[in-house]
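Peer 1: The residues making up each chain are set out below.
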Amino acid sequence: MTDNHDMTPHKSKVDSSSDDSKSTFSKNASIPRNLVQDATPAIDVRSIEKSYGEIQAVEGISFQVATGEVFAFLGPNGAGKTTTIRMLCTLTKPTGGSATVGGFDVVKQPTAVRRRIGLVFQEPTLDQQLTAEENLRFHAVLYRIPHEEVETRIVQVLNLVDLQDRRKDLVSTFSGGMARRLEIARGMLHTPAVLFLDEPTIGLDPQTRALMWQDVLRLRNEEGVTVFLTTHYMDEAEYADRIAIIDHGSIVALATPDELKKMVGSDTVELTTSNNELAASNLEAKGFKVKIGEDNIVVFAENGEQQVTSIIETAEVPIQSVRVHRPNLDDVFLHFTGRQIREGHNERSFPMHFRGFGHR
Amino acid sequence: MSTLSVPASQTRLVDEHIRLRFELRTIAMVWQRELIRFTRTKTRILSGFIQPILFLFVLGYGMTSLVGTTGGFDFKKFVFPGIVSMTVVTTAIFSAISIVWDREFGFLREMLVAPVSRVSIVLGKALGGTTIATIQGTIMLALAPLIGVHLTVILVLEVILLEALMAFALTMFGVFVASRIQKMEGFQVVMQLVLFPMIFLSGALFPLNGLPGWLAVITRINPLTYAVDPLRHVVFAIQNMPPAAAARFATGVTIFGYTLPLLGEIAIVVIFALVFLALAIAAFGKPD
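Protein sequence lines, in the order shown, are assigned to chains A and B.
The numbers in the working numbering rise by one with no breaks, and the one at position 357 of the first sequence is 357.
Numbering-wise, the working numbering comes out as the position in the second sequence, counting from 1, plus 360.
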């Protein structure tokens, strides 16, 4: 795993002992400026680790999430995403390190933490035989919402996810996407400080996923909730303010989506021309960085789309095709892990696939 | 680490009071959910009646001809309190076993990750099961006139109390078993290996005196025996039984020639209920 990192500008692999790694993260992690910075971060993780026997599922990771931030954990199945989320939600005890959520210690004050978090699991946890409203009322009691506030909150959260019309309907009549959105509404019912979403869009069609993301961003904007989510969909991580790429139990990169893409490299403009060599030499003469490919030339440009016209003018030969390529998160992931992220068909059975790698 | 401050200790007493109120609200909510779910599954209510009624008529009519020495007392009347017990036990176990469903459909997690005491959840479940089973058992009493079993208001009240105790004990037992079952398949096994033997060997369907030694031992070990007998006792107490029948169908469980008093039997059921309440809470507290 170390090989892949030699080219990374910053070494962000953290091991449980090093404290400086944390400062590495804070340097790279620029929190969007429009967010009010609370004195205490919503989530503060310090060298947290979890091992099952000899298998290290999470290898001492550290990061902070600011209040009101949407923070994504991106990684393949079995990377340690769910284990981390479970530790932060007090459902799994860490074997080392510490973490606070909403200012409370996840090991020492689990009840205080649970009261301040909303949880949406990968698997549905609704009672299908109850109506949407009954599910919410049940939740309201479990999370001690004062009696007189319950009705108002139910109306609010159902509006947030646009399910007010289905309030009296049995959950068994809901589609998968509606059920998931009801779960998110339920997770928000007790106005948590942090909403945890573990693979919130798994198994949803693209349209429903987009709808769900609108919901999540609206929650953040209207209720100011901090959102911590895990995903293995690249396009989804784009919505997040910051992304932590996690692989084999370690954070290999942590920054905003744009910063991550910049780390990977600049935009490229691919040209096919009637005379590639002439075009290349013309471009190089004007200071462009050019690579000649088999039947095209690749121009490296800071801001590819805006430079297309000047590149074409500079090339001074008839152009057959132009393609601007911006690094996407797939490239980012490939860059940091040396692998492409995929729906891990052979990696689904987490601890098992760790055995072969010997990454320690 | 200034963020780790907890509410000041002066307010502890008030906190305790508030906490208790919220836990009671949780118990009520879990209880209410059991009732809502019960009323929504009509088939469950129906099947809860069909099986006992089937047993009543198979045993009552079918076996009467075989059971010769009834001392002029209809065997149906003998078996009736047993059938009521059977209804209560089955409903209670079914209700408790819904935890396995809750696990399968994920709702158990919603309850387990919530910042509430698991004791409240278990108690809510127990009271829900108790209520449902008691109602179902009491509805069975409507068949009494058909069979010729005499009912009075006092008797019905006595029966309801005994049903509730039996239902509570069995729900607790069921919750304990259910919290150990991870898969739906385990449910069938429990029915085959636990529920039916318990009912059949409890004296619900045949008199306990005059059994072969080994069978007598098993029935005396079966805790359900001590829940069924008081029910039969109060029902028989106001029926006009010929002396021969009273002798043939004597109530009371005899161990080594000593007949347990009614309160002794009830005490055994109470202890059984409390033991399984504790076990259920302990088993329920285990992380998944």
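Since the hints were made in silico from the structure, they are not lab data.
We put the CB at the ideal spot given by N, CA and C, even for glycine.
Any given hint could be a false lead.
A few chain B residues that face chain A, going by a derived Cβ cut-off under 7 Å, partial list only [as the list claims (entries may be wrong)]:
id	residue
1	PHE382
2	LEU384
3	THR386
4	LEU395
5	ARG397
6	ARG400
7	GLY466
8	PHE467
9	ARG469
10	LYS543
11	GLY546
Peer 1: Please go over all the hints and tell whether each is borne out by the structure.
Peer 2: To see whether the hints hold, each was checked on the structure:
Because the beta carbon of PHE382/B sits about 5 Å from the nearest beta carbon in chain A, less than 7 Å, this interface hint is met. The restraint placing LEU384/B at the interface with chain A is violated, with a minimum CB-CB distance near 10 Å, outside the 7 Å limit. Hint on THR386/B holds. Least Cβ distance to chain A is approximately 6 Å, under the 7 Å limit. For the restraint placing LEU395/B at the interface with chain A, the shortest Cβ-Cβ distance is roughly 12 Å, beyond the 7 Å limit, so the hint is violated.
Restraint check, ARG397/B versus chain A: the minimum CB separation of about 5 Å is within 7 Å; hint holds. Because the beta carbon of ARG400/B sits about 6 Å from the nearest beta carbon in chain A, less than 7 Å, this interface hint is met. Hint on GLY466/B holds. Least Cβ distance to chain A is approximately 4 Å, under the 7 Å limit. The closest approach between the C-beta of PHE467/B and any C-beta of chain A is roughly 5 Å, which is under the 7 Å cut-off, so the hint is satisfied.
A hinted interface residue such as ARG469/B counts as satisfied when its beta carbon comes closer than 7 Å to some beta carbon of chain A; here the least separation is about 5 Å, so the hint holds. The closest approach between the C-beta of LYS543/B and any C-beta of chain A is roughly 15 Å, which is over the 7 Å cut-off, so the hint fails. Residue-level restraint check for GLY546/B is violated (minimum Cβ-Cβ distance to chain A is 19 Å; threshold 7 Å).
In terms of the numbered hints stated before, the structure departs from hints 2, 4, 10 and 11, listed from lowest to highest.
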